[in-house]
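Chemist: Each chain is listed here by its residues.
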Amino acid sequence: MLQVENLYAGYGSSEVLTGTTLQVKRGSVVALIGANGAGKTTTMRAISGMIRPTQGRVLLDGKPVQGASASQIAKLGLAHSPEGRKVFGPLSVEDNLLLGAYAHLPLFFGYKGKAATELAKVYALFPRLNERKKQAAGTLSGGEQQMLAIGRALMANPKVILLDEPSMGLAPVIVQEVFSIICKLKEAGVTLLLVEQFAKSALEIADYAYVMERGRIAVEGTPAELNQNERVIAAYLG
Amino acid sequence: MNLDILAQMVVSGALMGLIYALIAYGFQLTYATSKSINFGQGELVMLSAFFSLTLLNLGAPYWLMVPGGLLFGAVMGLIVERACVRLSLEQKSEGWILLTIIFGLLGFSSAENIWGRDDRPFPSPISADALNFFGISITGLEIAVALGVFLIMSIIELFKRKTLLGKAFEAVSADRDAAELMGISATKTIMLSYGLSGMVAAMAGILISPITTVGPTMASALILKAFSVAVVAGLDSGFGVVIIGIFLGALESLTSFYLGSGWREAPGLILLIMALAVRPNGVFGKANIRKV
Numbered sequence: 001m002l003q004v005e006n007l008y009a010g011y012g013s014s015e016v017l018t019g020t021t022l023q024v025k026r027g028s029v030v031a032l033i034g035a036n037g038a039g040k041t042t043t044m045r046a047i048s049g050m051i052r053p054t055q056g057r058v059l060l061d062g063k064p065v066q067g068a069s070a071s072q073i074a075k076l077g078l079a080h081s082p083e084g085r086k087v088f089g090p091l092s093v094e095d096n097l098l099l100g101a102y103a104h105l106p107l108f109f110g111y112k113g114k115a116a117t118e119l120a121k122v123y124a125l126f127p128r129l130n131e132r133k134k135q136a137a138g139t140l141s142g143g144e145q146q147m148l149a150i151g152r153a154l155m156a157n158p159k160v161i162l163l164d165e166p167s168m169g170l171a172p173v174i175v176q177e178v179f180s181i182i183c184k185l186k187e188a189g190v191t192l193l194l195v196e197q198f199a200k201s202a203l204e205i206a207d208y209a210y211v212m213e214r215g216r217i218a219v220e221g222t223p224a225e226l227n228q229n230e231r232v233i234a235a236y237l238g
Numbered sequence: 001m002n003l004d005i006l007a008q009m010v011v012s013g014a015l016m017g018l019i020y021a022l023i024a025y026g027f028q029l030t031y032a033t034s035k036s037i038n039f040g041q042g043e044l045v046m047l048s049a050f051f052s053l054t055l056l057n058l059g060a061p062y063w064l065m066v067p068g069g070l071l072f073g074a075v076m077g078l079i080v081e082r083a084c085v086r087l088s089l090e091q092k093s094e095g096w097i098l099l100t101i102i103f104g105l106l107g108f109s110s111a112e113n114i115w116g117r118d119d120r121p122f123p124s125p126i127s128a129d130a131l132n133f134f135g136i137s138i139t140g141l142e143i144a145v146a147l148g149v150f151l152i153m154s155i156i157e158l159f160k161r162k163t164l165l166g167k168a169f170e171a172v173s174a175d176r177d178a179a180e181l182m183g184i185s186a187t188k189t190i191m192l193s194y195g196l197s198g199m200v201a202a203m204a205g206i207l208i209s210p211i212t213t214v215g216p217t218m219a220s221a222l223i224l225k226a227f228s229v230a231v232v233a234g235l236d237s238g239f240g241v242v243i244i245g246i247f248l249g250a251l252e253s254l255t256s257f258y259l260g261s262g263w264r265e266a267p268g269l270i271l272l273i274m275a276l277a278v279r280p281n282g283v284f285g286k287a288n289i290r291k292v
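Chains A and B are the protein sequences, given in the same order. Be aware that the first sequence starts at 1, since it is given in this note's numbering, and climbs by one per residue. Be aware that the second sequence starts at 1, since it is given in this note's numbering, and climbs by one per residue.
Derived by calculation from the structure, the hints in this document are not laboratory data. You may find that some hints are simply not true.
Unchecked claim - No farther apart than 25 Å at their CA atoms in a straight line, the calculated lysine to any residue pairs in the SDA-like style are these:
#	chain 1	residue 1	chain 2	residue 2
1	B	Lys-160	A	Thr-41
2	A	Lys-159	B	Arg-161
3	A	Lys-159	A	Ala-171
4	A	Lys-114	B	Met-9
5	B	Lys-162	A	Tyr-111
6	A	Lys-75	B	Thr-163
7	B	Lys-188	B	Ser-93
8	A	Lys-86	B	Phe-122
9	A	Lys-114	A	Gly-84
10	A	Lys-184	A	Leu-107
11	B	Lys-92	A	Gly-27
12	B	Lys-35	B	Gln-8
13	A	Lys-134	B	Arg-161
14	A	Lys-114	B	Arg-161
15	A	Lys-63	A	Gly-27
16	B	Lys-286	A	Gln-72
17	A	Lys-133	B	Val-75
18	A	Lys-86	B	Asp-177
19	B	Lys-162	A	Gln-55
20	A	Lys-112	A	Thr-139
21	A	Lys-133	A	Leu-185
22	A	Lys-134	B	Lys-162
23	A	Lys-186	A	Thr-117
24	B	Lys-286	B	Ile-155
25	B	Lys-286	A	Gly-84
26	B	Lys-160	A	Gln-72
Turn these sequences into a full structure, and let the hints guide you.
Modeler: Next comes the structure, spelled out in structure tokens:
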């Protein structure tokens, strides 16, 4: 579903990704783990078009999308829930969700009716969002904002979701809740690329995992294989 | 002190202040999406007024002149965006400041060459006769200004709150990167904001021309005060510009009445300096606190 081939990208003259290659199969959950500064978030940003890769290819459903703008790639069916959640603070929870489906909705009127099915699905998954749908997103707690960011990504019915550090800055109880939601998404057959610092929890959910070091993939394998790998255990699971 | 005269001064000043508020609102529209403003906005006001006057002289009826003038303003706004703003925003440079000033100068000399330097009357179907409200006289033209300002601002605010495109506009203002990830093109949203801003400028020109006459310099004083209003209220203050606009308009008219008309421009400039020194985000602006 999503293939990344030999990707190079960075900020200005500093190159962060130096030949990243990975693959996310349809309906699978793939974890991307690694130390801070290894290039996990940069990989996500290069895939979704927030930064332009300088070399390499990104294939979505077999079609190359590298070099396109973030909004074009989003329309092609890739949803990226970015690091730090980035909900639209002044807008209501419901408006945030509706904007998640922006590419598929009429621009002026009747958009709410057309999004009703998706909206109901997201509210069923996150009852808390339903309770607070009129509230400004910026006033939600960190955990609720994370639910909103995930819900917003689901609204477009994307082919792949990139989920960047969903547990960042959250209390342990909320982190548990976030992981249980990712489990539910997995059961529902959502294709997911997950960046996580809680490597252990990520490996419990994932079907396959990549370990990043200094801008490229150092180790890859199924969670069972990585759990046996001494280098991975020493660095990330110890 | 005669209270009747005081009230009269405050009311007519406040009505004039609504025009400042409307032009300041045009600054806000583009600042929200792109953190840039058109420093040639005054020339847009003036060019649209001339264009509308030409439509009238060509025999167009009033109901056609207004949308025609607004459309002209919107197109000019789009030209400013494409010619002066887009590339410098892409390169994260401040080049738009100089380019929009140059665009204004170009508009000014074009107007002098096309329409001449003289001020011309702008005919209006609305009577200039004064009506009396509780001892305060207000002309029909002034009422038209107030109605026009509130009408166009309400339409744009309704658009922003009720349509998905309007919500996308707000989303780009709140977080440009995140909006792009939803499939919202920031470039197109910025175009939209410049188009709307140009339309607002044209509306200001059409509303004020019957009172002030039309000429190449008609907007040079207006724009300075609109800029003061935008900064004093805060470039992201929404309807705050209306309050500050009314306040400044009233203050100006009192100043020129009690201190002499030479002091007319002083309050706007003093307010601007005070705001920049004491409260750079504006009276109604939000402080820049970023929650991580």
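Chemist: Decide, hint by hint, whether the structure agrees.
Modeler: Now for the hints, and whether the structure bears them out:
no.: 1; hint: Lys-160/B / Thr-41/A; in the structure: violated, 33 Å
no.: 2; hint: Lys-159/A / Arg-161/B; in the structure: violated, 30 Å
no.: 3; hint: Lys-159/A / Ala-171/A; in the structure: violated, 30 Å
no.: 4; hint: Lys-114/A / Met-9/B; in the structure: violated, 53 Å
no.: 5; hint: Lys-162/B / Tyr-111/A; in the structure: holds, 10 Å
no.: 6; hint: Lys-75/A / Thr-163/B; in the structure: holds, 19 Å
no.: 7; hint: Lys-188/B / Ser-93/B; in the structure: holds, 19 Å
no.: 8; hint: Lys-86/A / Phe-122/B; in the structure: violated, 50 Å
no.: 9; hint: Lys-114/A / Gly-84/A; in the structure: violated, 29 Å
no.: 10; hint: Lys-184/A / Leu-107/A; in the structure: violated, 31 Å
no.: 11; hint: Lys-92/B / Gly-27/A; in the structure: violated, 39 Å
no.: 12; hint: Lys-35/B / Gln-8/B; in the structure: violated, 38 Å
no.: 13; hint: Lys-134/A / Arg-161/B; in the structure: holds, 13 Å
no.: 14; hint: Lys-114/A / Arg-161/B; in the structure: holds, 18 Å
no.: 15; hint: Lys-63/A / Gly-27/A; in the structure: holds, 18 Å
no.: 16; hint: Lys-286/B / Gln-72/A; in the structure: violated, 32 Å
no.: 17; hint: Lys-133/A / Val-75/B; in the structure: violated, 38 Å
no.: 18; hint: Lys-86/A / Asp-177/B; in the structure: holds, 9 Å
no.: 19; hint: Lys-162/B / Gln-55/A; in the structure: violated, 42 Å
no.: 20; hint: Lys-112/A / Thr-139/A; in the structure: holds, 23 Å
no.: 21; hint: Lys-133/A / Leu-185/A; in the structure: holds, 21 Å
no.: 22; hint: Lys-134/A / Lys-162/B; in the structure: holds, 14 Å
no.: 23; hint: Lys-186/A / Thr-117/A; in the structure: holds, 20 Å
no.: 24; hint: Lys-286/B / Ile-155/B; in the structure: holds, 24 Å
no.: 25; hint: Lys-286/B / Gly-84/A; in the structure: holds, 21 Å
no.: 26; hint: Lys-160/B / Gln-72/A; in the structure: holds, 23 Å
Hint compliance for this structure: hints 1, 2, 3, 4, 8, 9, 10, 11, 12, 16, 17 and 19 are broken, all remaining hints hold.
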